[in-house]
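Student: Taken in sequence, the protein lines are chains Y and U. Following our numbering, the residues of the first sequence are numbered contiguously, the last one being 96. Following our numbering, the residues of the second sequence are numbered contiguously, the last one being 181.
By construction, these hints were calculated from the structure, which means they are not laboratory data. Treat the hints with caution; some may be incorrect.
What the hints assert, rightly or not - Computed cross-link-like contacts, DSS-like style, restricted to lysine-lysine with a CA-CA straight-line distance of at most 30 Å:
| id | chain 1 | residue 1 | chain 2 | residue 2 |
| --- | --- | --- | --- | --- |
| 1 | U | 104 | U | 127 |
| 2 | U | 104 | Y | 93 |
| 3 | U | 118 | Y | 61 |
| 4 | U | 83 | U | 129 |
| 5 | U | 104 | Y | 42 |
| 6 | Y | 53 | U | 104 |
| 7 | U | 118 | Y | 83 |
| 8 | Y | 93 | Y | 61 |
| 9 | U | 77 | Y | 53 |
| 10 | U | 77 | U | 127 |
| 11 | U | 127 | Y | 61 |
| 12 | Y | 83 | U | 83 |
Claimed, not checked - Now the stretches of chain Y that chain U is said to cover, found in silico as 3 or more residues with beta-carbon under 8 Å:
| id | segment |
| --- | --- |
| 13 | 25 to 31 |
| 14 | 50 to 63 |
Cβ atoms here follow ideal geometry from the backbone N, Cα and C, with glycine treated the same way.
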Amino acid sequence: GQNIDQPTEMTATEGAIVQINCTYQTSGFNGLFWYQQHAGEAPTFLSYNVLDGLEEKGRFSSFLSRSKGYSYLLLKELQMKDSASYLCAVRRAGGGNKLTFGTGTQLKVEL
Amino acid sequence: GAVVSQHPSWVICKSGTSVKIECRSLDFQATTMFWYRQFPKQSLMLMATSNEGSKATYEQGVEKDKFLINHASLTLSTLTVTSAHPEDSSFYICSARDRGWEGPYEQYFGPGTRLTVT
């Protein structure tokens, strides 16, 4: 089976940097995704890691350590519109490309 | 490109009735579509995998006779919630996989359908 953990809630200040962690346990890892979801809307793709290391895309970066079963999403220069839920999802090898989502982290950006 | 639509965006129905939700890939062909359910302040839970031209594969604990899935074409999958009850009230989201694309963007999510059963 799969077990994916994220902090439930985080609060950060506009303009600051925040790191959202995700730990996972899975049999046969084949990629980790980060999605952003605003309330009542569908998730939107943010980043993808399949190899160890850091992937940078503008204000968002994602890091993966497969040996530690660990990833984080780093958000820089926080804006109020970044207030949303951030979902970590793992794709399992041989799982038919299914994604298993973590519990989600609700980020609140304050002035 | 890679747009997935869902219809309706929200629906209110009475307990005991059935509701059909459509998921369409608008500009690509989707061999596989996924149906998720999301309760308030919870994450997405995969309900089933819908494969074009074959039976859907349901996740453990999901009643296949209650949640009927049909994937009749490469651009349309439907989820029918039969004999709906208030506990079925949830946000239902579909995603579609662009066939032949193995990259990170392979699943595109629809905007979701808010179902309320009274």
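Student: Each hint: holds or not?
Tutor: Tested hints:
1. U/104 x U/127: The hint holds at about 25 Å.
2. U/104 x Y/93: holds (14 Å)
3. U/118 x Y/61: violated (44 Å)
4. U/83 x U/129: With a Cα-Cα distance of about 12 Å, the restraint between residue 83 of chain U and residue 129 of chain U holds, given a limit of 30 Å.
5. U/104 x Y/42: Within the cut-off at roughly 27 Å; holds.
6. Y/53 x U/104: Since the Cα atoms of residue 53 of chain Y and residue 104 of chain U sit roughly 28 Å apart, the hinted pair holds (cutoff 30 Å).
7. U/118 x Y/83: Judged against 30 Å, a Cα distance of about 16 Å means the pair holds.
8. Y/93 x Y/61: The given pair, whose Cα atoms are some 14 Å apart, holds under the 30 Å limit.
9. U/77 x Y/53: violated (48 Å)
10. U/77 x U/127: Holds - the C-alpha atoms of residue 127 of chain U and residue 77 of chain U are around 21 Å apart, at most 30 Å.
11. U/127 x Y/61: Measuring from Cα to Cα gives roughly 44 Å; hence the hint is violated.
12. Y/83 x U/83: Given pair residue 83 of chain Y, residue 83 of chain U holds - Cα atoms ~23 Å apart, limit 30 Å.
13. 25 to 31: Three-residue rule met by the segment 25 to 31 of chain Y, so holds; n is 6.
14. 50 to 63: Check failed, 0 qualifying residues.
Checked against the numbered hints listed earlier, the structure breaks hints 3, 9, 11 and 14; every other hint is satisfied.
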